[in-house]
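Undergrad: Spelled out, the chains give:
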Amino acid sequence: MLVKNIYNEFIKILSKPRSYLGIGALTILICIIIFAMKVDGNSIVSFVTASFEQTLSFNGKVINGNLIAFIILQMLIVHIPLLVALVTGDLISGEAAMGTIRMLATKPISRTQIVLSKFIAGALYTLFLTIWLGILALGLSHLIFGSGDLIVLNSDGIVILPNNDILWRYGAGFAVAYLSLLTVSSLSICLSTFAENSIGPIVSTMAIIILFTIIGTLDVTVFDTLKPYLFTTHMASWRSYFEDPVPFESIKQSVIILLVHNIIFISVSIIGFNRKDITS
Amino acid sequence: MKTLLTLLILTLHFGVFCQTSTELLSKVVSKINTVKDYSVTAKVSANIPMIKILPSQATIYFKQKNKFKVVSKGIVILPKQGFTDINSFLSNSNKHQSLLGDTSIINSVKTLLITVIPNGEGNDIVLAKLWVDYTRFVIMKSQITSISNGTITTTYNYGDKVSFGLPSKMIFEIDVKKFKLPKSVAADINKKKNPTPDDKAKKGTITISLSEYVVNQGINDSVFSK
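The listed protein sequences correspond, in order, to chains A and B. Residue numbers for the first sequence follow the numbering used here, so the first one is -1 and each next one is one higher. Residue numbers for the second sequence follow the numbering used here, so the first one is 42 and each next one is one higher.
Just so you know, the hints here were simulated from the structure itself, not pulled from any lab data. Be careful, since some hints might not be right.
Said to hold, decoys possible - Derived pair list, reagent style DSS-like, types lysine-lysine, alpha-carbon separation capped at 27 Å: (1) K114/B with K59/A; (2) K59/A with K104/B; (3) K110/B with K59/A.
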């Protein structure tokens, strides 16, 4: 029954035009970035390597598919949560707003399973979005720019990774990025459980992400104890796979914190939905 | 016999030191100028603060006067100065003045220091110190100070192409200024700050091992325009 309900929930997601809005926006954004890099990529790279270019010259294919994919991920990973929340934030509250939640509850399935099926359907949509991002960012960039060594720009220097050592990093990076987006999906579904309209959970999710990101960015000691526990702090952990050496311990910690957030959000949603008065 | 030998050694010794800096420099330049073009395989190993890069390989093409091209599959970091600019600077003797300095030993080779100063203004190179092997007429070490690139010290080793004045190994020592990328550009917003930030310039080294020289075999101009 759970599997059938997951299938139904996924069909519901696919039948909503807003689900395609995110995919469409993602496609257009990536195409714009690729076009910009094709036209003026050299000056963008020069802006970044300018500190060194007085004494050093970077020879070889600096602008390549790997670099473009990295820039795309770096730019979009901040905005994709909005696209995820746009769909997942509506999953329970949308039913409440339309009044279909009561019909849903009449099915021979527990409320816990209803929430779980929505989580899994949301997770599948998020997975599809992440894979689509990967195909466009990596595939299209490689098709247009070809492959090559990757220059990764950190605030304290540059790491140049050889071409044959990059693909696995992207694979692992996408997996962590997916976990980050899954946390956003879980948060929005959790908020959706307590809301009666669609907009509230979507806006609240984005507000929380913005608030936590600002707290994480502020170099104020008072927030230092709080920062490691904010899920937004770990949303950029995918980037750690592009460091040399890879800080596996810190990635592991990030994965644990993101998983704990997911478990908390799902648990709260289940408890909240089981207690929810849907008769009124 | 001993007296004769001593006289001979003294004559040879004075012969060398009686060379003016201009003569010595012109012999070095003449040797460099025997090379019309070359291609060489370069193995580049960079040890530069704030840059992490594995050793990489490239093919370097050179053609007189100043055509220079680096072709590589991956990214190769090279110093901006040190390959062709010193040759073109030294080639025109009217553009500079030189002074002979002390002798010193570099890589077990006796050298003479020649200080080269450009005539007039408008030159990028403001001072060049060259430690020249006065028996083989090759540069063993150079210290070039320029307006655009600061000071770059280069040590040269020579192999089978010493007759052309082409080195088998070059070690560049460069100044790397403080590098700081804004967090918004780097996007690693959660990265902790370095507890002991060092604002001073740091030294970096780039070692280039050169092998498989192909000298004066002719290189098509299209190689440089790609």
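Undergrad: So, for every hint listed, does it hold in this structure?
TA: Here is what the structure says about each hint:
no.	hint	result
1	K114/B with K59/A	holds, 7 Å
2	K59/A with K104/B	holds, 22 Å
3	K110/B with K59/A	holds, 13 Å
Violation of the numbered hints given earlier is absent; every hint is satisfied by the structure.
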